[in-house]
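**Q** The working numbering applies: residue 4 is where the sequence shown begins, and numbers increase by one.
Everything labelled a hint here was simulated from the structure, so no lab data went into it.
Treat the hints loosely; a few may be bogus.
[Claimed, not checked] In silico SDA-like cross-links for lysine to any residue, where the CA-CA straight-line distance does not exceed 20 Å: (1) Lys59 x Ser41; (2) Lys84 x Asn115; (3) Lys84 x His19; (4) Lys35 x Cys114; (5) Lys84 x Thr21; (6) Lys59 x Asn42; (7) Lys35 x Gly105; (8) Lys84 x Leu113; (9) Lys84 x Arg101; (10) Lys35 x Phe80; (11) Lys35 x Thr87; (12) Lys35 x Val103; (13) Lys84 x Glu100; (14) Lys35 x Arg85; (15) Lys35 x Trp53; (16) Lys35 x Lys59; (17) Lys59 x Arg43.
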Amino acid sequence: LWAAIDLDSRQVLAVHLTTTRSYFDTMVFLSKLVRSCSNRPLVYVDGGPWYPWALKRYGFPYEWRTFGPRSAFERWFGLLKRRTRRFHNVVPYRSSERSVMGWMEAWVRLCNWRVLS
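Start from the sequences, fold in the hints, and give me the full structure.
**A** Structure representation (structure tokens):
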């Protein structure tokens with residue numbers, strides 16, 4: 004799961020689901036992120052080697068971080084993992100990518116609604 008979160012507003016900007024992590028996956032995710040951003044915000048990433056090239060190609064400034072600002076992002080993922088564990092029968096292991104992505108989009112809308120209200 005790929006996700007971008009605005010650390011100031013706590014709003015989820017984009018999500019993308021893949022079974023791998025590669026340069027291509029990064030490019031597809033960033034193409035979704037570009038549609039939801041009016042500018043090129045600073046992106047905090049972990050040590051994945053697939054980030055720098057794709058971020059430079061799309062013109063996003065980036066910094067490698069493992070602590071600090073990434074904590075809000077890690078909290079969101081922690082909440083997602085806890086909620087998913089609670090009703091894993093709704094999203095079974097062998098679900099199609101389409102159904103999992105539909106669930107994720109609904110989850111993101113709920114998170115953003117709670118942030119904005």
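**Q** Checked against the structure, which of the hints given earlier come out wrong?
**A** 11 and 14
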